[in-house]
Structures are given as C-alpha cells and as structure tokens.
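Chains as they are written, first to last, in my numbering: chain U, 1 to 287; chain W, 1 to 287; chain S, 1 to 287; chain L, 1 to 287.
Hints are computed from structural coordinates only; laboratory data are not their basis. Honestly, I wouldn't trust all of these hints.
A pair holds if it fits inside one copy or across any two, identical chains being indistinguishable in the list.
[To be verified] Subject to a maximum C-alpha distance of 27 Å in a straight line, what follows is the list of computed BS3-like cross-link-like pairs (lysine-lysine): (1) K282 to K83; (2) K255 to K151; (3) K151 to K76; (4) K76 to K282; (5) K255 to K76; (6) K246 to K83; (7) K83 to K151.
From a predicted model like this one, the values you see are computed outputs, not experimental measurements.
4 protein chains.
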Amino acid sequence: MSVSEPVAVLLLSCRDRPGLVSRISHFIFERGGNILDLDEHVDTAENMFFIRVAWSIGSASIPAEELSEAFRPLAKEFGAGWKIMIGNGNMRAALFVSRYDHCLQDILWRHSIGELALDIPLIVSNHPDLEPLAERYGIPYHHFPVTAATKTGVEQRELGLLEHHDIDTVVLARYMQVLTPRFVERFPSRIINIHHSFLPAFIGGNPYRQAFERGVKIIGATSHYVTEELDQGPIIEQDIVRISHKDTLLDLVRKGRDLERLVLARAVRLHSEHRILVNGKKTVVFD
Amino acid sequence: MSVSEPVAVLLLSCRDRPGLVSRISHFIFERGGNILDLDEHVDTAENMFFIRVAWSIGSASIPAEELSEAFRPLAKEFGAGWKIMIGNGNMRAALFVSRYDHCLQDILWRHSIGELALDIPLIVSNHPDLEPLAERYGIPYHHFPVTAATKTGVEQRELGLLEHHDIDTVVLARYMQVLTPRFVERFPSRIINIHHSFLPAFIGGNPYRQAFERGVKIIGATSHYVTEELDQGPIIEQDIVRISHKDTLLDLVRKGRDLERLVLARAVRLHSEHRILVNGKKTVVFD
Amino acid sequence: MSVSEPVAVLLLSCRDRPGLVSRISHFIFERGGNILDLDEHVDTAENMFFIRVAWSIGSASIPAEELSEAFRPLAKEFGAGWKIMIGNGNMRAALFVSRYDHCLQDILWRHSIGELALDIPLIVSNHPDLEPLAERYGIPYHHFPVTAATKTGVEQRELGLLEHHDIDTVVLARYMQVLTPRFVERFPSRIINIHHSFLPAFIGGNPYRQAFERGVKIIGATSHYVTEELDQGPIIEQDIVRISHKDTLLDLVRKGRDLERLVLARAVRLHSEHRILVNGKKTVVFD
Amino acid sequence: MSVSEPVAVLLLSCRDRPGLVSRISHFIFERGGNILDLDEHVDTAENMFFIRVAWSIGSASIPAEELSEAFRPLAKEFGAGWKIMIGNGNMRAALFVSRYDHCLQDILWRHSIGELALDIPLIVSNHPDLEPLAERYGIPYHHFPVTAATKTGVEQRELGLLEHHDIDTVVLARYMQVLTPRFVERFPSRIINIHHSFLPAFIGGNPYRQAFERGVKIIGATSHYVTEELDQGPIIEQDIVRISHKDTLLDLVRKGRDLERLVLARAVRLHSEHRILVNGKKTVVFD
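Make the full structure from the sequences, and use the hints.
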C-alpha cells in the first residue's frame, strides 16, 4: 500500500455470534480509523469467527499500547484470541539453520531488500557452516553443537537467548533437529518449519528419496507451524513442481530447493504480516 | 456452505470514506443477520471502496425486496452502486454459442449437477449445430442466422427475446460474432466472454495460430466482461497451460479447449455468486 | 502431426547395452521408414533402456503383422518387452464406472470429437445410473450388480465379456469396486485408475475428507496403473489445484471433479498413444 | 546422471530425410559409445530435423577434437548445423547487469553450488552498484558507463573483452540497455535475455505497470534469445504467477522478481546443457 499514514492491524478469532463485525468496525470508526482491508471468515461447522482488519489510524491516532488497551474489554467480552499491531513495529524472528544454505540465503536476501517486515536479531545453528553467510548480512550467528546427550541443555540456552532478544517467532530454515515439546510449547503457532515434501505425503526423513522411489510425477514443499507431533502442525503454504522419469534423485533435490525457499518465504511473509490464524489443526490464511 | 438458513449477499462499491464497514455491518446486525463471509477492498489510488458481505438472514428475516428497500437510503448516502440478492433467487442467464460445443457442453453439465447458481431459460445461436446438445439438457434453442446485412435486425430480435425472458446475464460460450455497441450497452458488466488467448497477447482472430507462430511456451485463456472495444473489457479470470515444440497447432487447439471451458466456467460461477465488482477497466474478484 | 502417410510406433524396453538405437533405427531405415519422433531414456541405476519411435512407413510399407514379424528376431536378441502399432489400429478400451458421471462424461465427449485414439466397444458398471449417458453416445452398457457374495462370479463374466470384445485396456472412470488380483493379473499395466488424491497422500477411502481435515492448501488427483496393492500402482499422471480455508468439503469435491477428469483423460491419451512404459514401480512417460 | 564416465553431447539440426538417426547412432556405436539420452524432433511442416544425443564415451574414448573431426564429414553430408561437447568442458558465459540484483544474485548462487555447468569469467555492467556482489563470489566486475554518445565505443570495448575471455554466451540478467545489431550478430542464439512479462504481452518498457493497468489476473516472465528486433527473439522459457486486485504495482514487481530469476535460471541451465536448438523464430527445447 502506498498510504503513508500509519496502519494498524487487528487479527482476532473467537466463537461466532451476530454483531462481531459491527462492533469491531465501530470501534475503529469511533477512533477516526479508516478500514483499508478487511477479511473475515466464519467456520460454520466449528462456529468459529476469524477476522483480519487493517486500517489507517489517521491524524487522531493513539499509541499502539493505548489502542490495545482500548480494545481489551471488547475482546474479553468476545472471549477472543487477538492482537493489534501498529505498522512500523516489526516482528522479531530468529532463524534456525543447519548446513543447507538455500533457505537462509533467500530469507536474508529478501530481508535485505525490504521484502519482509521482520527484524532478525540472530541466527542459531547446530553447525558452523553458514556463519560466513550470516556475517555477510551482518547478523549475529550463534553456534550450538547438539548431541543427544546435550540437547536439553542446549535448548535451554537457546531459549534463554531467544528471551533475551525478545524473539516472537522462530523460523526453521532447514534446521535438521527435532525440537523438544518443551521448546515447542514456548512458541505456540510461532515456529515455522519448511518440510521438503507435499505433506502429508512423505512424512519423516529423506522425502525426496521416498518421492523418487514412489515414482510421483509432482513433488512439493510444505510450510507449517511446528507442534509436538512431527510434520503434523497446521499447514500454512504448499507448492509443487512437475518432475519426470528423466529426473534423478539429485534433480529432485535441485528442483526442491527452489520450492522450499519460495514456500518458506511466502509463509514467513504471511506470518510477519499477521495474516494467519490457527483453527484447530488448520490455518486460516488471509492473503 | 452447509447452512440451511437463507443467505443474503450485498455487493457494493462507492468512493471510500471512514465508517462504511461499520454502517453496513450495523445495518445487518440490526436486522438480526449474522455475517458469514465478508470481503472488503479499498483501492487507495482511486479512493474506491468495494465490499461483498454474505449473511444468514435468520428467523426474523424480511423479504428480499424489503431488505433492498431498507438499504436504499444508506446506499444513496454513500453514492454507491450496489445490489442485494437473497440466496435462492438464481441469476437468469442466456448462453450464446456458434459451432464449438466444448464450452456449452461444460456449462450445461455443470448446471445440470447443480454447480452453478444460474437459471438458463434459453440458448441463442447463429448456427443450428448445437441444438441437439441443448435439447439433451431440455433448454430451448433459438437459431438466428446472421449476415452483415441482417445483423442489426437480428440483435433487435435477440434483445427482445432476452427482455421477454427477463435475462440478467449473457454468456458468450465461444460465440463467434462481435456484438454491436447497442447490444453491449444494454448489459453493462453483464456479458461474459471467453477469449482463447492470454490477453492482452494475441488479441483478435486466430489466437492459437498467432501463439503457434510466435513460439510461446505457454498458452492461455481469458474470460472478461464485454465492452465496446474488442477484447479490452475488464478481465475476470485467466489460466494457462504449458506447450512445447512438439505441439502442433491442433494440439494447441486441443489443450486450449480444456482451458477455455475451465476459465469460462470459473468466471460464470464467480459472476453468478455475485463475487465480481468492476473498477474502471479492471475487476475486483472476491473469491 | 499433419502427415497423411501411415505411421508406425515402436514401444520397447530391455536391459541397456551399446548399439540399441543404432540397430533399431537401422531396422526402420532399411524398410524405407522415416523417423518422425524418437524419445529414448536410459535408467542408469537400473541399467534399463526405454524407447518410443514413431516413423512414417512410406510407400514401400509392409503390413503391420509383417513389420512385427520382421522385428521379432531383433527384439528376441535384446530380450525386450515390445510392441509395434500401425497408426490406424485403435486400442480397444472398456470403461468401468459406478455412479459419478464426470469422468465418463469427459471421456465419451473427448472420444466423440476424435481426441482419443480409442475404440470403446462397451461400458461396464455395478450400477444402472449412467446407462442414459452411455446411450447418448451409442455405446453398449452392461450392468453387473456386485455384492461381496457375487463378486468372483461377476468378475468372471466381465472377463468373458472383455475377452469377447477383444479388449486391450480397462479404464476405471471412478469405478468404486476393488478388483480382485485374478482380474488385475489379466491386464498387466493395462488397467488405468483415477484416484482422487495426490498419491501417496490420502490412500484409501474418502480422500477429500482426509484432505479437508488435514487442512492442506493443495489437493490433487492421480492416475495410475492398477496392481494388486491398492493405490500402489505405477503413477502415470498427477495434477493439483489450490484450495483455501474458505473451501468446504463440497468445494473440494467440486474442484476435484475437474482435476479427476483432466488427469484421467491425459493418462488415457498417453496410454492410447503408446507413450508409457512401466519401469518396476514407476512409469516412463514419453509425452 | 551419476555416471562417472565422460559424456559427449551432440546437438544438430538439418533438413529432414530418412536415415539420419540410423547414421548418427551408428557413428556413436562404432566408436564404442553408449547412448544415455536421445531426444529427436521433426518439424514436418518445415521438413526440419532436430536431435540431441548424450552418450558415454567409454574407455576407448577419443579426444573431443577428434570426435568432432570424425563427425565433420557426416555433418557436411547432412548440411547440418551442429556441435559436439565433451562433458567437462564448461560453456563460458559473461553476465551483463545494471542495478537490479535478484537475477545476478540467483545465478551466482546457483553457480557457486554447482547447479550450472558454466564458467563465468566476468560480469559487465553499465553501473557500479553490483560490484560488491560480484566480489563476494570472486568474479571480476567490469564497469562501463554508457551514454547515447559513447554506446558504440563501449560496445566495441566490451566485445574485445568478451573475445579476450573466449566468451561463448552472454546472459542479460536484467541489463537495461538495448544492444546494437552489431553486438547481437556477433552472438547469434547466444545472448539470453529475461523480459519481465509474458511475451508477446507487454512488449517494451514498464511491463509491470502495463500489466497492472490492464488488470490481468496472471503475470509472467519470458526468457528468449536476443535478435535485432526488441523482445522478438525465439522464446526459451516462460512462467507465470497469479495476482489479484489486492496486488499493488509494488506487489507485481515483488512477485515478478521471483519469476524472473527462476525463468532466467532455467533458460541458462537449458542453454548450458546444450538442450536448445533454434528453429526459425522458435526454439526446440529438449528438456
């Protein structure tokens, strides 16, 4: 949007009932706001209401904290999960990587040209390999070697680091470690993973090899929120590419790299623009 | 949606200003409605506001006419173009065809299995060829041979027929005649055409031959509203398919047939569900 | 191709070794043939050779039987699986259906306009519902009610019918019965099924419901050869369509219908043009 | 391919006549070669023959020069355009850029991980902006400021530089200068451009603005060989992405960046693997 005025975004879900849109839009109107983009969805089977509203705050704007404060009684009345963001307050994300560079490379480049509304205060890795890439973009790189024996302790230190940096979201950019439930529960619907298959096909290890051996004609990549169950979290975004009998396993890996970085970048973008609400095991994506 | 209650849909556009969503949603709430699906868009460059709201009318529902009547003052105040539809009142569409059967076949079949919220009281053609297909689906077929000399008179009779049948929308399902401005102006943003190219590439005649000779690697189809300028109307929907050096001109025609019928069917569906608003030379499509 | 001369097609696979293309192309050249289209693939991991050659037979052409006879010694030397087809000898296919009409409708329409190089001498069904559709296209419809108790006997009679009609290929156009191994082994790599999911995701029953509940953002359809293991046969063709949180289960079914008929039609076309070779659990598709 | 033996590739086109495949494959067989991948196409309308053959040379291999020397009489007899490449002899490419970094970034990264069989001895630019990026990948960067007055002289110097570095192919990775005919004719079918539209739609300047104003629902990118006519050269590869009324002009530019780099990378890959033959104003792409 080319509007130069500050923009606020409300993301909210609650049980459905008549009058929700009316109350919310009236709240905005009363404070001099002008709605720029509103997307609403009712899951009639679950009787759940989901909304994303973006509005220009206008000259009579009030600070973000006060806006949230003012909205709190309404949200309480609705029994809603919600947040209000003011445009220039970027989400703070930590990137977790292992050895593959394609996803990290892509996110850092997009970030550098202003494509992603994210602050990236740090990168965490269980390997030292990608430190030079992090340095090139001037982002601190924290190397935590992990073994089965040290895993719990390492995660503890990582959590401390994330807290210290006031991290909101963790992006697993081909991070090859399974996070423990304790870690996951600290970031509910705020850990984004990229799985290199068209989930739920080829869950688990070596999905390209599985796809190659099954002889599929299309491969995919899936970005999802991480939950305690491996590869079972709510799906944010998927995409695919055609393959043929001519493609070797290496060709699948090569084609898949392009998919992975595009799908992860889209998911991160949607998340950072507050366009995703979780609905049980699924997502509502207002794109 | 599986809701069995009657649903109303408002489709509206006007100059943007604060409070529009609030006023509209309050109007619905006051009358006991519960919003099921709301999609809103502001074109900040043009300062235009677009909205589609679907709501369940509830037990305290009032007749469609009264709902429209009740809304009229608000719309007038907004200076809006608008309409309100009650769910079970189907749009009445006439299909215009020539000799190709694939688009007609597809629309009639979809209609027969209840995919399209349309009544199709008649089919009009400048050729007799597709009458058996029309008969199979039990739809009256009107054959109007057209020559340059008779064109004006024929259109006059066709317009009479459309008026007689209270036709709202005309679907050109590969109708190979250019309509006169006089005809077009009678159905503003209510004549849907399918052009067998990825517009604006290959405007005019023989687009598959043009595509074949240019050596493109992808062909397309475009559904748009008809305006006075040939192939220049607001685009509703487009799609594409890959081709290669192996494809002959006949292969393009064959692959294009599938595209044409899918793209036209999607456009007709979007139109019949009141999901399209025209914004100058473009469309806003709430899908 | 616009060539009016008769065209022969050789489809062959064998263990790889030097000189195969040279021997085969020399065989064609010796008999006055001119190669129009040659596609070859070597699976270096499995050391297998696959080829499809189409050539114009020319004026000095010999009958199809003699061509096959002449090629036999070469094929024997190679230890090859192979066949030679002369252009105007259509494959004979039986369509098996249950109650859904979309795939049958699509194949019969394509067949009627000459898109598919198939003869369709009969349609077999375990339900009477689609007989009127078959009649419209003038194709005999055989209704065999099936119960668990009668299944073996019914299949026996069906096999007799297929043999009587000299059927080469069976197309399961949403046939909702699982064929017994005895039936399957009679048509190795010659029974084509359409499964309404992106295999191997959502194997088995109700794949749209499974997809809906998992919250995927893309659904697919898969056409494959039938083997004894359910939904495990070599995949011929797949395609996908995007869905969103707005799509209900019925929307998935609707969008899936379009996918299913397109994917099945492509698979049938590839098979009828002798473009598919089976390589273990996979296919080589020369499209 | 995982074969470790050296591989040779023949790329050839000539007027069609019987016996071409036989003669070529026999030539390979005689020298102990084993064909791994053969793709052939006959344009029956133009009576032209196109072939790409890749074969493992085997232990009795002869040097690349001798292979070409040995093939020369055959090619002469056919009146063919042709070349033979031995696997480990990379194509030498110069990248031309201006200020946009996304295509350069993508090619250099792919090159760095071994995705592209290219040597890139130098980068040429009319702006200094991307020199740091070139340095990061250790590739010499030559900055030639260009004005209308100096253009001819600058191109002269660039041509000298390309000759000095024995450059085979020029990749215009969003190079914002039109090359003169004199430059173009020095690299026939060896200058690859990326145009940020779905050609032939939106030829010339500002294609994203043109697309935005026309209200298309899909945008594209096109990679083509450069000829004297602007944006008219043979198309190598195209791809598209969906857009909607929500997308601003900046969104089109953003989505287009991903398209441009993917389409250009694919075209460069196809070219570097000797998979493209030019057929008049079109290409034959053996992918």
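Against the structure, the hints:
Only within a single protomer do K282 and K83 lie at most 27 Å apart by alpha-carbon distance; the minimum there is 19 Å, versus 34 Å between protomers. Taking the closest pair of Cα atoms, K255 and K151 never come within 27 Å of each other, the shortest separation being 32 Å inside a single copy and 39 Å across copies. For a Cα distance limit of 27 Å, the shortest separation of K151 from K76 qualifies neither inside one copy, at 39 Å, nor across copies, at 61 Å. Within a single copy, K76 and K282 get their C-alpha atoms as close as 24 Å, which meets the 27 Å cut-off; across copies the closest is 41 Å, which misses it.
Taking the shortest Cα distances, K255 and K76 never come within 27 Å of each other, neither inside one copy (48 Å) nor across copies (39 Å). When the C-alpha separation of K246 and K83 is checked against a cutoff of 27 Å, the pair qualifies only between copies, where the shortest distance is 22 Å, while the shortest distance within a copy is 49 Å. Taking the shortest Cα distances, K83 and K151 never come within 27 Å of each other, neither inside one copy (33 Å) nor across copies (56 Å).
In the structure shown, a violation is registered for the earlier hints numbered 2, 3, 5 and 7, in ascending order.
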